[in-house]
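From first to last, the protein sequence lines are chains A and B. Residue 0 is where the first sequence starts when you use numbering that gives the first Met the number 0, and the numbers rise one by one after that. Residue 0 is where the second sequence starts when you use numbering that gives the first Met the number 0, and the numbers rise one by one after that.
These are calculated hints, taken from the structure and not from any lab test. Do not rely on the hints blindly, as some may be mistaken.
Said to hold, decoys possible - In silico contact screen, one side only, chain A against chain B (beta carbon under 7 Å); selected entries:
(1) F91
(2) T134
(3) G143
(4) L146
Unchecked claim - Here chain B is said to cover these stretches of chain A; the calculated rule only asks that three of the stretch's residues, wherever they fall, bring their Cβ under 8 Å from a Cβ of chain B:
(5) 28 to 34
(6) 43 to 55
(7) 74 to 80
(8) 92 to 106
(9) 163 to 174
Don't be surprised by glycine CBs; every beta carbon is placed ideally from N, CA and C.
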Amino acid sequence: MKNSKKLLDETPSQTAGPFLHIGCMPNKIKINNLHKSDLGEIPFKNKNKTEIITVEGSVFDGNGVALDDVMLETWQCDENGQFIEDNGFARFIPDNFTKKFKLFTLKPGRVQNLEGKNQSPHICLSISSRGLNMTLNTRIYFEGEDLIKDPILSIIKKNKGNLDSLVAKKIQKNVYIFDVFLQGEKETVFFDI
Amino acid sequence: MNVKSLIKRNYKKQPEIDFPDYKSSIFRAPKNKKISIPSNNSEIFGPVFNKKIIGKLDNDLTLNFSKNKMSPLGHKIIVHGTISDQFSKPIKGALIEIWQANAAGKYLHQNDKNTAPIDPNFAGCGRSLTSSDGSYEFLTIQPGPYPYPNRGIEWRPMHIHFSIFGESFGQRLITQMYFEGDPLINLCPIVNSISDEKAKKSLVGKLDTSRSNTQNILAYKFDIVLRGVKQTYFENRQEGL
Ligand SMILES: [Fe+3]
């Protein structure tokens, strides 16, 4: 805007492939002596257990198979709606046996968008894996919150997107279910952010 | 008030998500069009990582897994470059994580069914934060090419996987660096999922002879561009307006 200098092209994406654990979560595959802990193991440090919610689910491919070689990453504000530089990031994969992932985190607060409108509490989610040439982006919203006024969900609704796919279902106090469908009738809404 | 927003992604310069030549994409690539959402705080701020997480040997893959100072097999290479945004602004403190096969084309991973030998002194795992000028550097081993099941058996060109965090969640990028002159590059369906020739070329690390000659180690230069974050001036608006 300030000048007409040509913008550089963004470097293209490539798939993370099947061995992303080596670089992103070495401790998970028993490469233990490199890093003390894997990045994003605990999204918020020093928090009271009673404040922690669980979001669990699976990532399904087009055959309805629950995958265990996908990496999920989440980024969110704290309970007061504040983004804190190195807090709020989590990285996890589904369990080999149950094929379920579990995210233990704070329930995010309301955060305003850049125009000052309130957004419903949400967690940004990205998914990378073998077979995905680009990382996918979506959001986790929460059942029981006011979802009607959320500016992003309004856009999804206007575009006839599958709103349901963005809302984690509450199954008990502090426990939510959020499944991701890469394809099929229930395909999750992914964003161009 | 100054409002930040991300430059919209140019999908013509990105790989096709649904690209059947790359078999794994068939049942994983979403079929619906992505829905465009405006830039938002959530995608513009952080995460940003602290220097303290980086250990001394984290960017030296020739030593970070070696037993009794034994060198991994293969020849050593330097991979270096800068990370900037689309406005050519260097990005300081960007986190780069890399992973790669060893000299024989084998990953230290139980799911790697390739029969090539593992190297007890090489994990193929490294990470680094960029300096204030956006630069980074890794010392590693030239990775071998490797076969994988796709349309029958195909060979991946030599490559290093890169995962990058800039300053914004929306800048997040996972990619691969290839090596100048490798004849397998043009045959690879993963590379060819990008149709734009210039974009494809930008993933090829260039042999850096000046550097190679001074350090007696082959060097490759790989510069990375993340999405631009622009500042736009807005008058303060009240809610609902
Ligand atoms: Fe690979």
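Verification of the supplied hints:
{"no.": "1", "hint": "F91", "verdict": "15 Å, violated"}
{"no.": "2", "hint": "T134", "verdict": "6 Å, holds"}
{"no.": "3", "hint": "G143", "verdict": "20 Å, violated"}
{"no.": "4", "hint": "L146", "verdict": "15 Å, violated"}
{"no.": "5", "hint": "28 to 34", "verdict": "holds (count 5)"}
{"no.": "6", "hint": "43 to 55", "verdict": "violated (count 0)"}
{"no.": "7", "hint": "74 to 80", "verdict": "holds (count 3)"}
{"no.": "8", "hint": "92 to 106", "verdict": "violated (count 0)"}
{"no.": "9", "hint": "163 to 174", "verdict": "violated (count 0)"}
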